Each structure stands twice: as C-alpha cells, then as structure tokens.
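Participant: Take a look at the letters that make up each chain.
There are 2 protein chains.
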Amino acid sequence: MTDQWITEQLHPYYRKSLRVETMLVDEHTGFQHLQLAQTEFFGKTLILDGIIQVTERDNMGYHEMITHVPMLAHDNPKTVLIVGAGDGGALQQVLHYPSVERAVVCELDRRVVEVCAEHFPDFGNPFANPRAELVIEDAFTYMQRAAGQFDVIISDTTDPIGPAEKLFSAEFYNLMAHALAPNGAIATQCEQMYFDASLIKTMLATAQSLFAHPAYYHSLVPTYPGGGIGFMYMSNVPWTNGLNKPYPVPMNYLNPEMHRAAFALPEFFRRALA
Amino acid sequence: MTDQWITEQLHPYYRKSLRVETMLVDEHTGFQHLQLAQTEFFGKTLILDGIIQVTERDNMGYHEMITHVPMLAHDNPKTVLIVGAGDGGALQQVLHYPSVERAVVCELDRRVVEVCAEHFPDFGNPFANPRAELVIEDAFTYMQRAAGQFDVIISDTTDPIGPAEKLFSAEFYNLMAHALAPNGAIATQCEQMYFDASLIKTMLATAQSLFAHPAYYHSLVPTYPGGGIGFMYMSNVPWTNGLNKPYPVPMNYLNPEMHRAAFALPEFFRRALA
Chain A
-19 MTDQWITEQL HPYYRKSLRV ETMLVDEHTG FQHLQLAQTE FFGKTLILDG IIQVTERDNM
41 GYHEMITHVP MLAHDNPKTV LIVGAGDGGA LQQVLHYPSV ERAVVCELDR RVVEVCAEHF
101 PDFGNPFANP RAELVIEDAF TYMQRAAGQF DVIISDTTDP IGPAEKLFSA EFYNLMAHAL
161 APNGAIATQC EQMYFDASLI KTMLATAQSL FAHPAYYHSL VPTYPGGGIG FMYMSNVPWT
221 NGLNKPYPVP MNYLNPEMHR AAFALPEFFR RALA
Chain B
-19 MTDQWITEQL HPYYRKSLRV ETMLVDEHTG FQHLQLAQTE FFGKTLILDG IIQVTERDNM
41 GYHEMITHVP MLAHDNPKTV LIVGAGDGGA LQQVLHYPSV ERAVVCELDR RVVEVCAEHF
101 PDFGNPFANP RAELVIEDAF TYMQRAAGQF DVIISDTTDP IGPAEKLFSA EFYNLMAHAL
161 APNGAIATQC EQMYFDASLI KTMLATAQSL FAHPAYYHSL VPTYPGGGIG FMYMSNVPWT
221 NGLNKPYPVP MNYLNPEMHR AAFALPEFFR RALA
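Top to bottom, those sequences are chains A and B. Per the numbering used here, the first sequence starts with residue -19, numbered consecutively. Per the numbering used here, the second sequence starts with residue -19, numbered consecutively.
Incorrect hints may appear among the rest.
Since the list gives no way to pick out one identical chain from another, each pair is judged satisfied if it fits inside one copy or across any two copies.
Here are the computed lysine to any residue pairs in the SDA-like style, where the Cα-Cα straight-line distance is at most 25 Å [stated by the list, open to error]:
1. K181 / F21
2. K181 / I141
3. K58 / A157
4. K225 / R240
5. K181 / P230
6. K225 / F243
7. K225 / R251
8. K225 / E237
9. K225 / G23
If you're looking for bench data, these hints aren't it; they were derived computationally from the structure. These numbers were taken from a predicted model, which means no experiment stands behind them.
Pulled out of the complex, with its shape left as it was, chain A reads as follows:
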C-alpha cells in the first residue's frame, strides 16, 4: 500500500500534511467538499474544502477555548448561539453548563452535522440534547431577527475564503452585537497571529468600535496552520470576569494558568496590533 496523506494549503507559502490510514467519507455536499479521514496519531479528522477543521486528538485546544472563555465571563448564560460548528464540538462544551436553557447551532450544511454525529462519538451526540436546537440557515439571516436574544455567541467558522469571507466583516460583527443580550459575551474564530496579523488588526478595530472590552486570545492546535489559532473576545464585560470560576466539568486543555496565558501576546504581535 502506498503512503496516503492529506495536504492542506491555506496560505500560499505553507503546507501541512497528515498521514491518512483510511479515507472514511469523501463527498461534495452541495456546499463544500467534505472529507473525513482516519489519520495516524491525530485520529479522525474532518476536512472541508481541503482545510483541516477538527481532529480527535487536538480539538480540545480549540473547542474549550472558543467556548469557555465567553461562557465563564458571563455570570449566568441561559441562551447561546453557535454559528457554524455543525461538528457539535462547541455545542457539547456549551451544554455542560446547567444554566443553559437553549443552545442554537446555526449551520449551513446539514451533512457536516450528520457525518460528525456518526464519526465523533466523543462529542456525545449533543444535537440529541433537548436544550439544543439545530437551524439550517445562513447566520446573517438568522441573526437579523434575533435582536438581543443571546447571552453568549460563538462564531466557530471556517476561514475567510469563499462563503465564509463575510464572517470576517464589520457587518457580521455588527449583527452579532445586535443579537447579543446586555452583558453578553462573544468569541469568534479569528485566525493565526503570525500569518494573519493584518486581518486580525482590522477585526480588532471593528471589535473596539462595538464593545468596551474586546481582546484577542489564542490556543495551541498543532493541526492548524502555524500550530495554533486565535479568537476575538468581545463584550462589555472583561474576559477576566471568567478567571478562577469553577468549571462545569473537568477540562482537557483549560486551566486558570492557560486561561490567562491565552491573552498574553508576543511583543512583535502586540506592536502589529497597536
């Protein structure tokens, strides 16, 4: 048997490859090219349009950080909107909070939900939870009729290419601010500090125009470009409000030291954002 690899190229100058044991799903859904591979070391891996989205081994650095930072910053989150994230990983984390009464996942592509429900059993089949609601709809349309409804919004999206490009726009950030309840908190996937500094600077300026306490933070995800990913925290409540609160379940990535460390930025990047 010959070597099989999946090779990702999100930036023109950088590629990453994981060794594939078996390609389990490989289809065009109408929205995107969806692949699910059994990889060596990283386990099952979801790939959308050639870009690695989720692996069994390292998704905790992503899902715990995009979810718990805004959830903990809010003192009593009851309603949560998750944009994208049909894989269910962020939803699983949100549902750990007993305070949550309603968690809406707004995902465009139903096949992502179906394939991931079958192949990521560790996510605990979160869409079967009675507090979960799946909406197959464009998040732009959905949020326009959701003024002030959500205590926490998590934008767990693909990268700003093709249809997802508009999720990295001032218009989208404004819509999230519009759908947020008073004292709500938002976290968005917001790219990699070494590769995407100028995009991040633009999004931070937008965040600063909308909220009193925006902040960029980041986590370690070896299968993402450059080995990590960042997030934009946006709220009128500072992220530090979530520090040292009890966790709803034991964590695999997050602890109070990592929570604080996620907001520490290297000097070159601090200067780039200034």
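On the provided structure of chain A, position chain B as indicated by the hints.
Facilitator: Okay, now just chain B, sitting in the frame of chain A:
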C-alpha cells in the same frame, strides 16, 4: 518555473512544507546535509538533515525564550556555555547582557557557523565579539573538563536523532549539572508537548533528580512541528526569579506576560507529566 518546496518530516505522521524561492546553499558538510533556502514569507531558512532549524521570521520565539529565561533567572551571569547553535542566534541574545564576560559556543560543525554568518546578518556577526569563543568540539568532551565553570548553559541542539540523540540523555543532563556554577541556570531545547510527551516526561524526571526547580516551558514557532517547541529549565533558582527584571535590549517576542505564559501547560499535558 515549477513550484519548489522544502518538506520536513520529523514524525512519521506529520509533514510541513515551506515554499522555496531560491536554494542558496545545499551541501554535505561531513557531519550533515546543510541547506539554506530563501523561502517565501519566512525569509532565509536553515535546514539540517531535512529539518527546519531557523527562519528569519520566527526565530525570535525560539532564541529569545531559550536564552533570556535562564539568563534573567541568574542574578549576574558572567560565563555562558551554548551547546550547538552555530547559527549564532542564541549567542547574539547572550551578548546583549553587559555582565557576560565569556560566552562559549560548542558546535560540532564549523560549516554551520560559516554559512549562517554569511546569510543571517540580523544575528549581528556575534562570533566577532571579543567576549565570544567558538569551540569546534563535541560538547560531551568539552564539558567533562569544565566543572563548575558556567553561570548559564543553553543547549540549543537539533532533535534526538542520530548524533544528537545523546543530548537527550541523563548522561548529558548530568554533564551539564557538572559544568554549572552554583546558582547557575540551564535551558535545553526539549521538543513538542503534543508529539513528544513521553520523552519530555523522562527528561523532566532526570531534571528533578538533579535540580530543585526544573520546569518545562514552551514558545510559538510556526515553522517547527506542531507550531511550537518546548524547553527544560533547570536550576536551584526558580525561573520566577527572572520575571519582571529589566531586559538588556528591546525584545521581539518576550514580555513579562509571555514569560509567565510560557510556563502555563495545558491540562492534558500536565496530567501526562504527572
């Protein structure tokens, strides 16, 4: 012209590739295969036996963290030994300290020194500094006759493959302890937390048998496997002794928040080391 890439595979399941504009040096030195490429985005890149060692764009996360963490922890470092590191990047950082009277680089391969002196002008030609001393010798032999001589030792080496494997051994850690002056501090390159947890656990146990205050820390280096690298700090002085001291020059990566953040470890990895 066709696409040219350098592809690195340090682990059997993971590859990374950088786009090459021009291959500037490609030779076998007698010790190793030495390549120096002009890459897109990352600039000039040193590759030894197929593994990326240094790039112009992201070496600061490596060099500042392997150097300043032990240097700042020591209250008055006068004598410094750097094992490997013929590229001169760590030496440059060490020489920023006015207290340093003698900085010895013990490197096996003189061609690394020559090629890097020519191609990394930003490292400031540190071997020309009168306080610098280049020793072309095996560090094992050198340290055996250097009992108690060094205030700081920096082991800035390649990965534990082939001749460098012995640099990740209890014998080598013992030799460093032997060559260290009282209250001295050591930092060694110590691999990636996701990929190399069991090696790191072994090295930490060795460090604990030799020093009162060993600690693993890490930094972001996108061109390294998994996008980062770790270090073993070893001393009878805790690393926190270096926090909030003035820096000898402005930094590009390090600041007090990143200094502390480097020692924060994700929960899964804390458990793996326990």
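Participant: Now tell me, hint by hint, if it's right for this structure.
Facilitator: Evaluated hints:
Taking the shortest alpha-carbon separations for K181 and F21, only the inter-copy value of 19 Å comes in at or below 25 Å, while the best intra-copy value is 35 Å. Within a single copy, K181 and I141 get their C-alpha atoms as close as 18 Å, which meets the 25 Å cut-off; across copies the closest is 40 Å, which misses it. Within a single copy, K58 and A157 get their C-alpha atoms as close as 17 Å, which meets the 25 Å cut-off; across copies the closest is 55 Å, which misses it. Taking the shortest Cα distances, K225 and R240 sit within 25 Å of each other both inside one copy (13 Å) and across copies (20 Å).
In the homo-oligomer, the alpha carbons of K181 and P230 lie at most 25 Å apart only across protomers (22 Å), although the nearest pairing inside one protomer, at 34 Å, exceeds that limit. Taking identical chains as interchangeable, the C-alpha atoms of K225 and F243 lie at most 25 Å apart whether they share a chain (17 Å) or sit on different chains (21 Å). Only between protomers do K225 and R251 lie at most 25 Å apart by alpha-carbon distance; the minimum there is 21 Å, versus 31 Å within a single protomer. Taking identical chains as interchangeable, the C-alpha atoms of K225 and E237 lie at most 25 Å apart whether they share a chain (12 Å) or sit on different chains (21 Å).
Taking identical chains as interchangeable, the C-alpha atoms of K225 and G23 are never at most 25 Å apart, the minima being 32 Å within one chain and 43 Å between chains.
Of the numbered hints given earlier, the model fails hint 9 alone.
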